[in-house]
Each structure stands twice: as structure tokens, then as C-alpha cells.
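S.K.: Please put together the full structure from these sequences, using the hints given.
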Amino acid sequence: GAGVSQSPSNKVTEKGKDVELRCDPISGHTALYWYRQSLGQGLEFLIYFQGNSAPDKSGLPSDRFSAERTGGSVSTLTIQRTQQEDSAVYLCASSGYRGREQYFGPGTRLTVT
Amino acid sequence: KQEVTQIPAALSVPEGENLVLNCSFTDSAIYNLQWFRQDPGKGLTSLLLIQSSQREQTSGRLNASLDKSSGRSTLYIAASQPGDSATYLCAVRDQQGGSEKLVFGKGTKLTVNP
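Protein sequences, first through last, are from chains A and B.
Here the numbering used here is used: the first residue of the first sequence is 105, the next is one more, and so on.
Here the numbering used here is used: the first residue of the second sequence is 55, the next is one more, and so on.
The set of hints was computed from the structure by calculation and includes no laboratory data.
Misleading hints may appear alongside valid ones.
As the list claims (entries may be wrong) - Think about it this way: if two alpha-carbon atoms lie no more than 20 Å apart in a straight line, the pair counts; the simulated SDA-like pairs of lysine to any residue are:
| no. | chain 1 | residue 1 | chain 2 | residue 2 |
| --- | --- | --- | --- | --- |
| 1 | B | Lys160 | A | Gln145 |
| 2 | B | Lys160 | B | Gln56 |
| 3 | B | Lys160 | A | Gly144 |
| 4 | B | Lys160 | A | Ser191 |
| 5 | B | Lys96 | A | Ser111 |
| 6 | B | Lys96 | A | Gln145 |
| 7 | B | Lys160 | B | Leu102 |
Said to hold, decoys possible - Taking CB as the label site, the calculated pair distances span:
| no. | chain 1 | residue 1 | chain 2 | residue 2 | range |
| --- | --- | --- | --- | --- | --- |
| 8 | A | Asn156 | B | Gln149 | 15 to 25 Å |
| 9 | B | Asn72 | A | Ser166 | 37 to 47 Å |
| 10 | B | Gly114 | A | Gly107 | 16 to 26 Å |
| 11 | A | Glu172 | B | Asn167 | 39 to 49 Å |
| 12 | A | Gly132 | B | Gln149 | 19 to 29 Å |
| 13 | B | Gly114 | A | Lys121 | 40 to 50 Å |
| 14 | A | Ser157 | B | Pro68 | 47 to 57 Å |
| 15 | A | Ala106 | B | Asp93 | 18 to 28 Å |
| 16 | A | Lys161 | B | Pro136 | 36 to 46 Å |
| 17 | B | Gln108 | A | Gly132 | 17 to 27 Å |
| 18 | B | Leu73 | A | Asp122 | 42 to 52 Å |
| 19 | B | Gln108 | A | Glu118 | 44 to 54 Å |
| 20 | A | Thr182 | B | Val67 | 37 to 47 Å |
Virtual Cβ for every residue (Gly too), placed ideally from N, Cα, C.
M.R.: This is the structure:
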């Protein structure tokens with residue numbers, strides 16, 4: 105079946121603009137995660153959704169970052185008033201049930217100029 | 055706070071060699087550990103998942119071991135091939151709390167020379 109998909113694959117934006125990144129998880133997966141991979145920083149957790157439970161937002165770096173998951177499927181990560189330090193690859197993952205493997209999408213490379 | 059370290063940061067070997075990648079974590083109270091590979095410009099591909107109650111997992115030429123009490127895992131690659139060239143990432147999921155977030159190491163960049 106289809107894996108995790110993300111769009112766009114690349115996004116270049118000007119400092120101060122808002123951006124939206126989209127993630128389509130594997131069909132039937134109840135858990136969805138966003139991570140960020142910055143040059144030299146490694147992968148860091150941003151936010152986690154599990155079914156209808158309140159999301160774990162503990163990894164969001166500032167209030168400019170927000171995410172939602174509609175209908176328990178597609179998720180959108182929004183970054184408002186982008187800054188150059190937001191430049192990174194944003195990766196989405198999904199998982200079928202608790203404690204199981206996380207499957208990653210190809211990522212969105214965000215460049216803030 | 056959980057921290058994951060991978061050594062070495064980079065490794066270059068000739069084709070056919072067996073090799074070991076190391077991963078260590080500071081808090082032994084983990085739920086599971088997952089090894090990934092990442093090709094340049096690509097996302098992550100899951101290789102092996104080891105639950106905290108397991109000692110090892112095998113898939114083809116790959117074998118991952120887990121020693122939870124000492125906070126270590128190794129990924130063994132047998133008979134390496136140029137196609138194995140990639141960055142290998144280790145990630146742990148903590149036992150504490152309800153979040154299932156993974157904490158990642160910074161990876162080992164492997165180059166297998168023909």
C-alpha cells in the first residue's frame with residue numbers, strides 16, 4: 105500500500121511569511137508525528153497526535169508553530185512569520201498502534217530566505 | 055532527559071567487510087529502540103524495531119542487539135555492499151509518560167567502497 109506522503113517536497117519562502125506543510129499518513133494509522141531535521145542538529149520531535157486524544161505539543165519550538173489533524177487522517181503543520189532558523193527538513197511519520205514502528209514520509213525541505 | 059549518542063559519526067569500509075554501528079542512550083527505561091537508514095535527500099526507512107523485552111532482531115544481513123541495562127544497542131551489517139552506503143540513525147522511545155515520541159541520535163554516515 106501507499107506510504108506516508110508529504111507536500112510540498114520543497115518550499116522556499118521569504119522571512120515573515122506563513123507556510124503550511126501537509127502530511128498524509130498511511131491509511132488506518134492512528135498515530136501521526138512531526139519531526140524537524142536541521143543541519144547539524146539531528147532529528148527533533150515537534151508534535152504527536154493519537155486518535156482523538158489531545159496532541160502532545162511539547163516539542164514545538166515556539167508559538168509560531170501549530171499543527172492540526174483533520175478527521176483523524178491528514179495533518180497540516182503551520183509556521184507563522186517564518187524565520188531563517190526555521191529552515192530545515194520537516195518529516196512526518198505514522199504508526200499503526202502503540203509501541204509499533206514509525207514509518208516516515210520523504211519530508212518537506214523548507215528554506216526561509 | 056534522554057540523550058542518544060552514535061559512534062562513530064562516520065565510517066568508511068571496503069565492500070564485503072562486516073561492520074558494527076554503536077548506539078548508546080542515557081536512560082535505560084525505554085519502551086523500544088528503532089534503527090533507520092536515511093539516504094541523501096530522502097526520508098527515513100525503518101530497518102529494525104527492538105522491544106525493551108527483546109535482546110535482538112534480525113533482518114537479512116542486519117542484526118540489531120539491545121542491552122537495556124547498559125544503555126547500548128549495536129547494528130551489525132554482514133558482508134557490506136556499496137548499496138548499504140547511507141546514514142544510519144538510532145532512536146529510542148521512552149517508557150515514561152504517554153507520548154510515543156522518538157529521541158534520535160545524530161547518526162553514523164556509512165560509506166562502503168567498491
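S.K.: Now tell me if each hint is right for this structure.
M.R.: Hint by hint, here is what the structure shows:
1. B/Lys160 to A/Gln145: Holds, at about 7 Å.
2. B/Lys160 to B/Gln56: Within the cut-off at roughly 14 Å; holds.
3. B/Lys160 to A/Gly144: Cα-Cα ~8 Å, so holds.
4. B/Lys160 to A/Ser191: 18 Å, holds
5. B/Lys96 to A/Ser111: Satisfied, since the Cα-Cα distance of roughly 14 Å is no more than 20 Å.
6. B/Lys96 to A/Gln145: Between B/Lys96 and A/Gln145 the Cα gap is close to 17 Å, so the pair holds against 20 Å.
7. B/Lys160 to B/Leu102: 17 Å, holds
8. A/Asn156 to B/Gln149: 15 to 25 Å: Holds, at about 24 Å.
9. B/Asn72 to A/Ser166: 37 to 47 Å: At roughly 45 Å between Cβ atoms, A/Ser166 and B/Asn72 fall inside 37 to 47 Å, so the hint holds.
10. B/Gly114 to A/Gly107: 16 to 26 Å: 20 Å, holds
11. A/Glu172 to B/Asn167: 39 to 49 Å: Given range 39 to 49 Å: holds, Cβ gap about 46 Å.
12. A/Gly132 to B/Gln149: 19 to 29 Å: With Cβ atoms ~26 Å apart, the hint holds.
13. B/Gly114 to A/Lys121: 40 to 50 Å: Since B/Gly114 and A/Lys121 have Cβ atoms about 46 Å apart, the given range 40 to 50 Å holds.
14. A/Ser157 to B/Pro68: 47 to 57 Å: 50 Å, holds
15. A/Ala106 to B/Asp93: 18 to 28 Å: For B/Asp93 against A/Ala106, whose Cβ atoms are near 19 Å apart, the range 18 to 28 Å holds.
16. A/Lys161 to B/Pro136: 36 to 46 Å: This hint holds: roughly 42 Å between Cβ atoms.
17. B/Gln108 to A/Gly132: 17 to 27 Å: At 25 Å between Cβs, range holds.
18. B/Leu73 to A/Asp122: 42 to 52 Å: At 45 Å between Cβs, range holds.
19. B/Gln108 to A/Glu118: 44 to 54 Å: 49 Å, holds
20. A/Thr182 to B/Val67: 37 to 47 Å: Holds - the Cβ-Cβ distance for A/Thr182 and B/Val67, about 43 Å, lies within 37 to 47 Å.
The structure meets every hint from the earlier list without exception.
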